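Please work from the sequences and hints to get the whole structure.
Chains as they are written, first to last, in my numbering: chain A, 1 to 113; chain B, 1 to 114.
Incorrect hints may have been included.
Said to hold, decoys possible - Derived pair list, reagent style DSSO-like, types lysine-lysine, alpha-carbon separation capped at 30 Å: (1) A/68 x A/54; (2) A/68 x A/5; (3) A/54 x B/83; (4) A/5 x B/83; (5) B/57 x A/5.
Calculated directly from the structure, the hints in this document are not laboratory data. If you're wondering where the values come from, they're calculated on a predicted model, not measured in any experiment.
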Amino acid sequence: DQQVKQNSPSLSVQEGRISILNCDYTNSMFDYFLWYKKYPAEGPTFLISISSIKDKNEDGRFTVFLNKSAKHLSLHIVPSQPGDSAVYFCAASQETSGSRLTFGEGTQLTVNP
Amino acid sequence: EPEVTQTPSHQVTQMGQEVILRCVPISNHLYFYWYRQILGQKVEFLVSFYNNEISEKSEIFDDQFSVERPDGSNFTLKIRSTKLEDSAMYFCASRPRQGGTEAFFGQGTRLTVV
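Structure, rendered in structure tokens:
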């Protein structure tokens, strides 16, 4: 099942700089997109979401951009902090049809002090 | 802050045995889910549950799996006869409603089948 794909398994950035995590999807029926953060031995924690009727949603240091024509979304973290180091999962759902989440593979973000 | 709680945190079982994984979703939530993550793989959807019945299930959720909400607070996943390949982290999640809201996940149960 490759409907949601995160092509970068890892990303390393310096503290204070921008982190950009990318996600692509193939199912044009997806209409709601989410980013989750996960630490080892814990469950995914919700970060930010965006509906397909928008192209940007911002919450503090986190901004999600959606490009529907390219079926691409990205998560920007500015400024990055060492505590942001975790695995970030992109997820998508079809809200009118059960709303099961389809996850990407995850990207391990490391923010270096 | 309300949270989804799962027990046990780790379960070791012999192949062929039955296991029950337990979850207490957030109290005013209406939609409940089980997901799993095999080591090194994606988080995968297993089943969704609404209004005391299964609303959707994946191809993984075969006859060996069942879910139940026995008492209005607990939400359980039963695996009737465990296989080695059932070893994974199992996550319970809940949502207040279907559209436009995030799912809240529990901390997971690590199931090890030996």
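Violations among the numbered hints: 3
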